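Colleague: If you want the building blocks of each chain, they are given just below.
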Amino acid sequence: MSFPILSIIMLAPVLGALVILMLPEKEEKIIKITAAVFSFISLVLSIVIFIMYDKSAGGIQFVEQIPWVDYLGISYKVGVDGLSLPMVLLTSLVIFTGVFASWDMHNRIKEFFIFLLVLTTGVFGVFISLDLFFFYLFFEVALIPMYVLIGVWGSTRKEYAAMKLTLYLLIGSVFALVAIIATFLYAAAPEYLGFITLDMVALGTVTYDIAFQKFAFLLMLVGFGFLVPMWPLHTWSPDGHVAAPTAVSMLHAGVIMKLGGYGLIRLGVFYYPEGAKYWAPVIALLCIVNVVYGALVAMVQKDLKFVVGYSSVSHMGYVLLGIAALNTLSLDGAVAQMFAHGIMTALFFALVGNIYHKSHTREIARFGGLAHQMPRVAAGFVIAGLASLGLPGLNNFVAEFLIFLGAFSVDQVILGFISFRLLAILGILGIVITATYVLRVVQFTFFGPRKAEWDHLEDAKGIEMVPIVILIGTLILFGVYPAPLIDLINSGVEPLVAKIQAAAEIGGIF
Amino acid sequence: MIKIAWLLPLLPLLGFVVISFVTKRLKLLSALVAIGTMAASLIISLGIAYEVLRDGVTMESPVEYAVNWLSVPGLTIEAGILIDPLAAVMLIVVCTVALLVDIYSLGYMEGDPGYSRYFSYLSLFGASMLGLVVANNYFQMFFFWELVGLSSYLLIGYYFGRHSAVQANKKAFIANRVADFGFLLGFFYLFLMFGTFNFGELAQAMPAHANSAMLTIAAILVFIGPVGKSAQFPLHVWLPDAMEGPTPVSALIHAATMVAAGVYLVSRQFVLFANAEIALLVVAYVGGFTALFAATIAIVNSDIKRILAFSTLSQLGYMMMALGVGSVTAGMFHLTTHAFFKALLFLGAGSAIHAVHSNSIWKMGGLYKKMPITTWTFVIGTLALAGIFPFAGFWSKDEILLVTRDAGFTGLYILATFVAFLTAFYMFRLIFIAFFGESRSEHEPHESPLSMTVPLLILAVFSIGAGFIGAPFLEKAFWALVYYGKPHHPVPDLLVMAVSTGIALSGILLAWLIYHKKYISAEKIKERFLVVYTILENKYYIDEIYQWFFDKVVLVISSAFNWSDRNLVDGAAHGISDSIRAGGAKLRYIQTGSMQNYALVIFAATILLVIWMAIPVLGGI
Amino acid sequence: MTSIGLQHYLILAAILFSIGFYGSVAKKNGVAVLMGIELMLNAVNINLIAFNRFLNPDVSVGMIFAIFVIVVAAAEVAVGLAIIIKIYRERLTTSVNDIDWLKW
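From first to last, the protein sequence lines are chains A, B and C. Add 183 to the 1-based position in the first sequence for the working numbering, that's all there is to it. Add 833 to the 1-based position in the second sequence for the working numbering, that's all there is to it. Add 1 to the 1-based position in the third sequence for the working numbering, that's all there is to it.
Some hints here could point you the wrong way.
Result set (BS3-like, lysine-lysine): computed pairs, CA atoms no more than 27 Å apart in a straight line [said to hold, decoys possible]:
1. LYS857/B - LYS644/A
2. LYS1385/B - LYS485/A
3. LYS1372/B - LYS1351/B
It should be emphasised that the hints constitute simulated quantities derived from the structure, not laboratory data. In this text the structure is predicted, and so the values were computed from the model without any measurement.
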């Protein structure tokens, strides 16, 4: 592959940032159009690789490699497979729609878009990197702009939230870094690879000692658990969601949280299958807490964004459930759920941002009957809500169905008396609780008698409809015809499952 | 036509898309699109029925074809079509009622600002319902099962400006969600046992596991789905409230078709229940109990639509009971006749409500003079519901009574006969109060427009005639087409017929005495049995119990979790950060700022380092 | 009568270093502290040259080092004095006790 398509996808946003850097501050319109154009380049190319990826061949494709620091085994190596390609597509969809969702911002536009685009490059970089050094580097590149974006353009306790989010994610990344370095040193030993490398593929060929696997997987679990976020490491996320400006909330809930799930699967499960088996019961227990607890807490929130924030906690629990079950269906479902949840939650935040921008409040109790004034926003919100509660015909249903079926078919007893199936059933019960809180929010916000107080609100129209239409279209497309997405994911999950099955049968921790 | 059965759900879906995006502003065109697509579906359904009869498609040899919808290792999900007589009957019922309701709505929804939205929802419902009927596997069934739930949600909340409407649609969705949770687990268990969702393949594999514990669990879990969708006790609470939707919707979705989907599901894969005896008993007794339970509530209600809703509950219970005692034929037969006469009753009620602008039967009265067509078609529907010869309900209800008695469920037989009495009583109470006697309306009632009365007349014809398709004296009738196992020709039992007719007539007589001639005072009875009356009036307080559970248990737990999230989980995080900060505050005093201190420390440290490094050289300690 | 050997130089350097260290740690006047540092540097220089002379007379690396140190010391004194003079002009003091702005 001579055409460096992945590098262009990744660098397009940062190029856009450079162009914006040279534009005058007051040319807001041109700045926004520039951001849109460059993110559109990423989007188009992502769709191109989504279509061009050869699913029957599977494996890592579109590889580019440039040696960088030879004696440390670092090289710039990128490529995508069935796990990362959906995430790349997700990121480009979310950033493209996120730019349009920020169309009505007027406060320090130039800096805002520069940081936003740099952040995006970081996220792309994490997903396409095949070298641990660059994986980590891009991760930090994604993290720092987030702090500034929330701290400067945020709302509701923004400094607190920005600091909390950055600290949590940094702590998490440090755990992961320790595991990465340990793996790097361990694999370089003569009895394994015999040479030092940070190449993710090469490191994946090593069969690590079981004791080491247990240790390293735990580090990865804690590290990426911060990102996912796994209970009780989750409190940064609702606060962060609430404080962040619309586009950042979209990226944050839509993509940044997925870094955790992606890292846990790509590095954790792939390198340490025995470690994953050993710690799976812990993940299973915690993820059920995520699902049920997150959903119940979402039920009593008073701020629209907090509801969505806690619903993310709840939904990411399903991803963890899929990882804990460690079989084809559940892992397919976990990756699909990351994609579906990313789209769905981006839609939620775009809509909430739209309402907030016009009404200057997000307090559910103050709303009511908004469907009279904003029928399109209401329709979009209802669709996002339906996706959230897993209605068939929308992408989330497919993902959740696969996770549930995968988790349900695990025949295992943990802690001596809790069967895994019972946990799966509790997880499935989450869809009932989700339905309850989603419908309550929809009811209190959009339905009911018309309130004169909100008669000045205008419905979404023109450019505001771009994110709504694109995201809903994606949800429906992959909900009605999920085969392209699921087949793609499955081509990435297959080698993973082969590795898990080949791994020694060891009991879980409990 | 069977070859193009896949068009059935697609046509209304197309209608939905066209109405939503193209004809939204052109109200009449929207309605015509909805009617046109539904009419096309009806034609296809009739064609399918014709081919089923012509080609001798039976329950054992259905026509099935499918494509792979999703395929990953270990799981193949099909999108398929399964046509057998059962599906053919259901298709005709759904398409006919849906088309008539569409036409009726032309007049009923006249001038409503959401005209196009209404018809787009109706089309969406049509698409989901037809997709459900032709499904050939559990996954597809569940897929459309939830989508009909969505359409129902949207239509109940059609008047989204009304608090009661949005309260009701939320309730409907959540009750159905609880049920679908069970349904989902049920067919997960089936998948776990047999590795497939396909009805045919499951039917092949099941007998080997007859009455095993796992199959019984699976069957009971699957049955929870119908309990919700067909509003059986204890998940029945949503249906009466669902009457907040426009009346034609109540007729179509909450009386004739969607709520019958539960009955259809149980019939669709009856082999599952036939191989799980305990589950079958559960079906029978849940159905029987619901029949009685709902009928008793209907006696005291005064909202015309709610009376009909409780009667729907009761009749659905009947159908379930018929299935539970092992007769798919009787259950589906009653489903068919019920669909017609109950749709008729609801549309008639809609016509009456349209005229007097109130749901309360006490605000009506004497309508027979002003609205003859509505009144007399309503009476026909009521006679059919009460099971009076030769109306449709007579044949199907008798068959249920007959199979229940023959299967040895004497208790259920007596219960069902008693319910027949209650049914006749409360329906004629309604008739005498609302349509006869003196007028109590504040408005001047007038007969409804043609688009509303024509569907009433057509349905009235069906309500009289539909029973004959299953009349026991016919040689080749309904029972020869729709059955489980082998066709069972019902032998007409004059005793059962006589008893049920007699008891229905006595119910009518009692209603006539109390509410028309007023020989017996309703007030006196009410005072005499005040406790019973209060309980019935409050629907056995089931709604209150659920409300209490939600408010006092779920919300309290939620608040507790919310508190713990803010205080315990976040508290721990803050604790860590605060202790680091406090530690720093203490440690900062090490930093004196005096250069000489620093130099001293550096020097001392250097000396210590040198000593430590020198230890090996000097031979160790 | 023993000739002057390496150890004498080392003792001299140690004494010089100790005086310098005492001066730099204990003196209050900034100029005196600088002078103490100079003494320590010169003690090191003596060491370097002595080791060069007695242990490895053939090469001159120790002397080169010493010259290097002298140059650096000159530069350091120049900067240090400049800082002290600047501080004196600002604060009218050269006492290191008053120059403690580097703390919390």
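Colleague: Take the hints in turn and mark each one as holding or not.
Modeller: Verification of the supplied hints:
1. Proposed proximity of LYS857/B and LYS644/A is supported: the alpha carbons are some 16 Å apart, at most 27 Å.
2. A distance of roughly 18 Å separates the Cα atoms of LYS1385/B and LYS485/A; the hinted pair therefore holds under the 27 Å criterion.
3. Restraint check: the Cα-Cα separation between LYS1372/B and LYS1351/B comes to about 26 Å, which is no more than 27 Å; the hinted pair holds.
Hint compliance for this structure: no hint is broken.
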